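S.K.: Protein sequences, first through last, are from chains F and S. In this text, residue positions in the first sequence follow this note's numbering: the first is 294, and each later residue adds one. In this text, residue positions in the second sequence follow this note's numbering: the first is 46, and each later residue adds one.
Just so you know, these hints were derived from the structure itself, not from any lab. Fair warning: this is a prediction, and the values are worked out from it, not measured in the lab. Be careful, since some hints might not be right.
[What the hints assert, rightly or not] Here are a few chain F residues that face chain S, going by a calculated C-beta distance under 8 Å: (1) Phe330; (2) His346; (3) Leu351; (4) Ile375; (5) Arg378; (6) Leu379; (7) Phe384; (8) Phe386; (9) Phe389; (10) Asn390; (11) Val394; (12) Met405; (13) Leu406; (14) Leu407; (15) Leu410; (16) Pro411.
Here a beta-carbon is modelled for each residue, glycine too, at the ideal position from N, C-alpha and C.
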Amino acid sequence: MPEVVIRTSGLTKVYQETKVPVKALGGVDLEIREGEFTAVVGPSGSGKSTLLHIIGGLDYPTQGQVEVGGHHLNELNDRELIDFRLEHIGFVFQAFNLIPVLTAKENVEFIMLLQKLPAKEREARAVQLLQEVGLGDRMHNRPSELSGGQQQRVAVARALASRPQFILADEPTANLDSKAAANLLNMMAEMNQREKATFIFSTHDQRVIEKARRVITLEDGVIVSDVTKA
Amino acid sequence: MYLLLAWRNIWRNRRRTLITLASVAFAVFFSCMMQSMHTAAWGNLIDNAVRFYTGYIQVHQQGYWNDKTLDNSFENQPALQKKIAGSPHIVTVVPRLESFALASGTDRTKGTLVIGIEPEKEDGLTNLRNKMRGGSYLKTGEKKVLLAEGLAHFLKLSPKDTLVLISQGYHGSNAAGKYEIAGIVKFPSPQLNDQVVYLPLAEAQWLYDTGNRITSLSLLVDDPEQVEAITESLQQELNATQFEVMSWQEMMPELVQSFEIDRLGGEIILFILYAVIGFGIFGTFLMMTAERRYEMGVMIAIGMSRLKLQAVMFLEIIMLALGGTLLGVLLSLPVIFYLHYNPIPVTGNLAELYQNYGMEPVIPFSRKATIFLRQAYIVAIITSVLGIYPIWFIQRLIPVTALRN
Ligand SMILES: Nc1ncnc2c1ncn2[C@@H]1O[C@H](COP(=O)(O)OP(=O)(O)O)[C@@H](O)[C@H]1O
Ligand SMILES: [Mg+2]
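Please put together the full structure from these sequences, using the hints given.
M.R.: Written out as structure tokens, the structure is:
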């Protein structure tokens with residue numbers, strides 16, 4: 294069995310900024326093994342984004358521990374978290390993932406530039422990844438010239454470009470029609486195999502959930518079911 | 046790629062960028078024009094005022110300035126003149142002997158200002174020869190005088206007529222002389238035009254019985270901006286108990302004061318202008334950051350350090366500021382150069398006023414590099430200060446919050 298690479302224990306998140314404090318996560322204990330392709334599902338407001346943000350080092354838990362790829366995220370400061378995200382996490386958000394003034398290829402190259410990879414390598418990998426996500430002919434288009442589904446594919450290519458150990462996708466299909474959503478999920482599943490990255494994506498779209506091997510269901514910030522297909 | 050990113054970011058909102066560039070350019074253009082005019086006008090005015098009579102610096106017997114009598118005159122030693130002429134930045138040394146006399150023509154008499162000059166040196170400082178309006182210029186050794194036009198008119202005298210001067214000489218001796226009028230000079234200023242008589246220095250010294258004495262040495266310098274420093278070093282070189290060395294600023298304090306008032310007025314206008322432009326730039330910065338909040342949230346989320354993002358933003362700011370400044374300077378350069386060589390003529394009362402002060406009736410323009418550099422400094426300072434806002438905005442941007450939109 295592959296080793297556990299993500300481990301949370303008693304993960305709690307309370308948003309204090311509002312008049313009435315909101316408990317977004319209420320003690321989440323979770324283990325995820327290397328190479329898994331996991332869906333986090335649940336209704337809107339159940340805490341999916343909050344969980345992914347904390348695992349991805351974008352936010353701190355109010356209580357509890359989070360260990361990702363051997364890093365204790367509670368102990369990292371803002372700068373260290375940015376470095377952690379750059380090296381270990383590939384993010385795909387719901388929409389508008391891309392830098393609007395850069396082309397598809399430049400967007401994919403950009404994250405490797407942040408990693409200070411040499412230009413040749415950046416270029417080669419960007420081209421290869423865009424071909425793999427089926428956008429070999431749209432590389433020089435800007436995001437505004439791409440469809441929603443195409444934009445999300447570029448976002449996946451970018452997330453993979455930095456060779457992260459984890460890909461975290463927060464409702465990546467929320468703005469896509471069902472065909473584009475299915476395509477994206479198939480592609481992500483394929484990438485999961487090819488790039489050996491551990492994928493976690495959140496969704497409340499029943500058709501997409503079926504693509505996942507493991508489905509974790511959240512309700513009001515707690516895990517109500519955790520099913521792994523045979 | 047960061048540069049590319051900054052460049053493309055600027056052109057995301059073409060209209061806003063053009064408006065920002067144009068407003069910076071306008072401010073720079075306007076201030077360049079204003080400063081160019083101010084610098085040139087005052088440079089001219091001061092040069093005129095100084096060349097009109099006093100010179101940039103004068104050397105007198107200690108105490109002469111407060112009590113302008115022949116008793117406060119001093120020996121015109123060649124060694125002293127040589128020493129002063131040999132000092133750095135000094136171009137011309139012009140000796141004069143000044144006093145008063147009653148001048149008579151055929152039937153009228155008037156109090157006059159008598160100035161003993163070395164004709165050629167005097168012309169070098171005040172261009173006296175150009176002010177001739179009839180007759181011929183003075184020659185050293187001649188027993189002749191130059192009469193100011195208004196005075197000649199009052200005394201009803203013209204060249205070749207005889208002028209009689211009566212006065213009191215050095216240490217109370219009697220002074221009287223008869224002189225042929227060599228020529229008439231016209232001064233724009235009525236005071237001078239109605240009372241000046243020039244005669245060769247030696248004749249004046251003979252008339253007043255002063256021997257080799259003079260009342261002042263007027264100096265012309267090659268760099269008007271250094272006058273104070275030159276004055277100071279000359280005073281140190283010359284015996285302070287015997288001589289007083291005065292700059293034009295000390296001799297014409299009213300001129301300095303008007304200059305300061307005018308300069309301050311100009312600075313206030315520029316300040317208001319730049320404040321307005323500054324608000325405009327700040328508005329642009331506000332929009333540049335606000336509309337990119339989400340996107341910057343994504344960038345920090347995927348691992349772009351705040352410092353790099355700030356650097357990109359700063360590049361954009363520099364491009365805007367530099368572009369606007371360059372545009373403004375490029376616009377003003379040809380205009381200022383053209384106006385420098387083809388100054389705008391003034392007409393009417395103003396022209397008369399100019400002429401009274403001995404100036405050409407034109408609005409001159411200076412093309413000194415410092416004028417343009419100064420605008421660049423000002424814009425650089427304003428944008429760096431305003432640029433703190435986007436930098437600070439990025440520093441405290443929380444990606445999760447930005448992404449929640
Ligand atoms: N910054 C915040 N301030 C206050 N409440 C928040 C904030 N972010 C999320 N929440 C609340 O936390 C709960 C969980 O939100 P979220 O993690 O976005 O759920 P999901 O992604 O499943 O829709 C919701 O009730 C939401 O309103
Ligand atoms: Mg969500």
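S.K.: None of the hints should be skipped; say for each whether it holds.
M.R.: Here is what the structure says about each hint:
no.	hint	verdict
1	Phe330	violated, 21 Å
2	His346	holds, 5 Å
3	Leu351	holds, 5 Å
4	Ile375	holds, 6 Å
5	Arg378	holds, 4 Å
6	Leu379	holds, 3 Å
7	Phe384	holds, 5 Å
8	Phe386	holds, 6 Å
9	Phe389	holds, 6 Å
10	Asn390	holds, 6 Å
11	Val394	holds, 4 Å
12	Met405	violated, 10 Å
13	Leu406	holds, 5 Å
14	Leu407	holds, 6 Å
15	Leu410	violated, 12 Å
16	Pro411	violated, 13 Å
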